[in-house]
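Participant: Got chain R; can you put chain V on it based on the hints?
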Amino acid sequence: MTPSDAGAAGSTPDARPQDVRPVVEMTGISIEFPGVKALDGVDLRLLPGEVHALMGENGAGKSTLIKALTGVYGIDSGEILVDGEPHRFSGPGEAQAAGIATVYQEVNLCENLTVAENIMLGNEPRRFGAIDWPRTRRRAAEHLATMGLDVDPASSLGSHSIAVQQLVAISRAMVVDAKVLILDEPTSSLDADEVARLFDVVRRLRDQGVAILFVSHFIEQVFDLSDRMTVLRNGARVGEYRTAELSRTELVSRMIGRSMEVLEDLEVRTEHTVDTAQGAPFVQAVGLGRRGSVQAFDLDVHEGEVVGLAGLLGSGRTEVARLLAGADRADTGTLSVKGTLTRLRTPRAAIERKIAFSSEDRKGEGVVGDLTVRENIVLGLQAERGWLRPLPGRQVDEIVHRYIEALNIRPANPDALLRNLSGGNQQKVLLARWLATAPELFILDEPTRGIDVGAKAEIQRLVSDLAGRGMAVLFISAELEEVVRLSHRIAVMRDRRKVAELTNTDTVGVDDVVELIASGGDR
Amino acid sequence: MTTLASSRPGAPSPDRVPSVGRRLRVDRRYLPVVGTLVVFVLLLVVGGARYDNFLSVGVLANLFINNAFLIVLAVGMTFVILTGGIDLSVGSVLALSGVTAAYLLQAGVPAGVVIPLVVLVGSLIGLLVGAMVHVFEVQPFIATLAAMFFARGLCFLIAPESIPIDDETFVALASWDTWAGGQWRITSSVVIALVVVAVAFYLLHYTQFGRTVYAIGGGEQSAKLMGLPVARTKVLVYVISGTCAGLGGLLFAMFSRSGYSLTGVGMELDAIAAVVIGGTLLTGGTGFVLGSVLGVLVLGLIQTIITFEGTLSSWWTKIVIGALLLVFVVLQRLLALRRS
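Protein chains in written order, with full-length UniProt numbering: chain R, 1 to 523; chain V, 1 to 340.
Only chain R is shown next, with the shape it has when bound in the complex (with noise of 0.2 Å):
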């Protein structure tokens, strides 16, 4: 695989039909936030009767650039052409009119009413200007045939499972004569049966000539039901391909493209070895998992050993570190620590078992803002100790000052604001509160993203040296460079499931990585 052609990819003049007109046009489209370009001259074009894939990592701009679509968030420049026609809508109301319907994730119906009064509301036919109940329902029943859908127009909505109710919001979108129809992330909590009829619908759809905007993170998905996809990185469109002609490793080095910022002399190697056949691991899972979140897996960390989890975002890597942190409770499957089965309930029953848990959200689930550098790092060893055993304040003072030091926090001011710190130093301070309590299981989910080079590698050297001192690290990151480098064995997550471990040696690249992501261990 060489990921070194994604950029020069680019789109292939071939890959769209020049003798269809598109539905949908839009070029150029730019939208920023405060602070952030989340789109940045993105072009995207709907071919009548085709489903099209949206690919992207989180926070890639899909959802962004299908709000732009909808109208729910304003442009900044770029245009937007549906049947040729320029347009800019200013709500999901006025794109509707013009034909383009979007069924989101959480399915937006209202529960509290009927099947029949979701499908129809907004669009009921009149009589002398009041609603007209039986043609109502009547309709509403017309439609849901239309589908394939055997249920009771009568019946409340909330009463059916997630799957159905999908499958009302798009007769829901057919009701408007839909040309367009957007799924975004339609299938994240449908199973198998689940999704076929769906996409037996979808392809009817597409057959009457309705363009399709498929949104998912299921790679299989994708590959089955499009015909051609956009994939966009960081707000960015990086082409458009036919999707016969992609392969799916393609689209996953596409995806996540190279990562080059970090520059080769500040590269931390993880120099020291484990055996992993001496001695049973500090956490060992066993069939571990938990409905709705992620499939069973079994997993082992030991000690000195730094475990790697490499997957896709939303592929599931979060909701392991969960599990085991006892920030989830796991429904099925057993958890040990140090030999003993234990139940995690609370994550205070994990920190009781001396295990840390660094969360990928700093901001809501790690650091407190308002807070001081001194009073962030001692809060988790204090918790610790219990609100009534205030730590002595020279004692703080020290504990501070060695970690100030030893992970180079900048400014080096205990009395800073923690919300004045740079999100590297953020981060650090996050990892020195941990490491205060002296955790023998370090659990890391994405501690390095969004810092700067530097702060980086020191992170990554902190997590390469707490293994060396004997310390269980399981590292969470989406850059699979870092994972290779620093991990020992390597656990490949995909669609929520893990589908393969791989021991780290000298020979394994981040191709190999991408290989078992793209191809779901089954090569």
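Don't read these hints as lab results, they were simulated from the structure. The beta-carbon is built from N, C-alpha and C at its ideal position, and this holds for glycine as well. Honestly, I wouldn't trust all of these hints.
[Said to hold, decoys possible] Quick list of in silico lysine to aspartate or glutamate cross-link-like pairs, DMTMM-like style, CA-CA up to 20 Å:
(1) V:K224 to R:E106
(2) V:K224 to R:E94
(3) R:K67 to R:E32
(4) V:K224 to R:E79
(5) R:K363 to R:E375
(6) R:K354 to R:D370
(7) R:K67 to R:D83
(8) R:K67 to V:E220
(9) R:K67 to R:E79
(10) R:K67 to R:E194
[To be verified] Across the chosen pairs, the derived CB separations fall in these ranges:
(11) V:L42 to R:I162: 37 to 43 Å
(12) R:A130 to V:N53: 40 to 46 Å
(13) V:L42 to R:Q105: 44 to 50 Å
(14) R:E352 to V:G153: 56 to 62 Å
(15) R:Q105 to V:A131: 31 to 37 Å
(16) R:I162 to V:R257: 39 to 45 Å
(17) V:G266 to R:L371: 30 to 36 Å
(18) V:A131 to R:A130: 27 to 33 Å
(19) R:D150 to V:P116: 51 to 57 Å
[What the hints assert, rightly or not] Just a few of them, taken from the derived set where beta-carbon distance is under 7 Å, the chain V residues facing chain R:
(20) N53
(21) L225
(22) T283
(23) G322
Facilitator: Chain V alone, transformed into the frame defined by chain R:
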């Protein structure tokens, strides 16, 4: 009880309610209203068994006559609560409307001008509240609390004393009545209240506005994404509630033949209680205007029974209403929990 439960341990409890519902052919959405109806009938039976003249046409007719203003308030409140909001200002707006009417009539302004004007005062305050809720995204609780103090203050500004109403047209309108079926007395307030109920029913069930009200209660974000006119509807429900409060003030002035700035203190809570007892969920999205009417009648019936009892303090009304409210809210929670 224990033996009954243990004798059939396999009985799946979630199935019991739907099966009863299916047998009676009752949609579960109507269950809370049916509950209110059962309570209403029970109260009638209890009253009828205890007191000789209780089950007379006169008592029932008076139930409507004495509570016409509350019916109107509850109807307006139903719109607001269906969207998931609340309106605490209606009691004060009712007083403001009554005081304004009495004051203007005393000053010699013709009733034909005064009547639409005071109703409009209510609409205006509702519009103000709606704008606060929608444009500035103030919590409905706070916005209507502010309106409540504002309107009550205005009452005292106009007249701290009670003003009698002796305008001829107004008195004539207030004392107009007719007899339905020979014995059932209907006053002009009852007619007005019933018209309001009919209009509300039509609005809620036969117009897009009404459907949007329910959709907002089911999920405001969803309603927006479905392309429904959420903003306009949210403002309108407060205008409707304010208008109903203005009209309620007029009915109360007709009832008491005066306008007084201390009327209707706490009446907003009576209206909310009636709506909730009538089966409307405070979280919005579920409920019926006819249920609210039934809720008002239940409150009125409790009061009537306490009056018939004679020896009981009138505070017992509050105690019974409190208990009933508690039971209904818990029942609604159970229904909601069972659904999920």
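Participant: Next step is simple, just say for each hint if it's right about the structure.
Facilitator: Quick rundown of the hints versus the structure:
About 14 Å separates the Cα atoms of K224 of chain V and E106 of chain R, which keeps this hinted pair within 20 Å; it holds. For the proposed pair K224 of chain V and E94 of chain R, the alpha carbon gap of about 11 Å is at most 20 Å, so the pair holds. Restraint check for K67 of chain R and E32 of chain R: the C-alpha separation of about 13 Å stays at or below 20 Å, so the hint holds. A C-alpha spacing of about 24 Å is found between K224 of chain V and E79 of chain R, which places the hinted pair above 20 Å, so the restraint is violated.
Only pairs whose Cα atoms come within 20 Å are accepted, and K363 of chain R paired with E375 of chain R is accepted, the gap being roughly 16 Å. At most 20 Å may separate the alpha-carbon atoms for a hinted pair to count; K354 of chain R and D370 of chain R exceed this at roughly 27 Å. With a C-alpha separation of about 19 Å, the suggested pair K67 of chain R and D83 of chain R falls inside the 20 Å cut-off, and the hint holds. A distance of roughly 17 Å separates the Cα atoms of K67 of chain R and E220 of chain V; the hinted pair therefore holds under the 20 Å criterion.
Our distance criterion of 20 Å between C-alpha atoms is met by K67 of chain R and E79 of chain R, whose separation comes to about 14 Å. Between K67 of chain R and E194 of chain R, the direct Cα distance comes to roughly 26 Å. Violation of the 20 Å bound is thereby established for this hinted pair. Take L42 of chain V and I162 of chain R: their Cβ atoms lie about 40 Å apart, and the range 37 to 43 Å holds. At roughly 43 Å, the beta-carbon separation of A130 of chain R and N53 of chain V lies within the given 40 to 46 Å, and the hint holds.
Look at L42 of chain V against Q105 of chain R: about 47 Å separates their beta carbons, and that is inside 44 to 50 Å. Between E352 of chain R and G153 of chain V, the C-beta spacing of about 57 Å keeps the proposed range 56 to 62 Å intact. In this structure the supplied range 31 to 37 Å holds for Q105 of chain R paired with A131 of chain V, their Cβ-Cβ distance being about 33 Å. For the hinted restraint 39 to 45 Å between I162 of chain R and R257 of chain V, the CB-CB distance of approximately 59 Å leaves it violated.
In this structure, G266 of chain V and L371 of chain R break the distance hint of 30 to 36 Å, their C-beta atoms being roughly 44 Å apart. Range check, A131 of chain V to A130 of chain R: Cβ separation about 29 Å, and the 27 to 33 Å hint holds. Distance hint check for D150 of chain R and P116 of chain V: the Cβ-Cβ separation is about 54 Å, which falls inside the suggested range of 51 to 57 Å. The beta carbon of N53 of chain V is not positioned within 7 Å of any beta carbon in chain R (closest approach about 43 Å), and the interface hint is therefore violated.
Contact between L225 of chain V and chain R, as hinted, is supported at the beta carbon level, the nearest pair being about 4 Å apart and thus within 7 Å. Given hint, T283 of chain V at the interface with chain R, is violated; its Cβ is 9 Å from that chain's nearest Cβ, farther than 7 Å. At a threshold of 7 Å, the smallest CB-CB gap from G322 of chain V to chain R is about 27 Å, leaving the interface hint violated.
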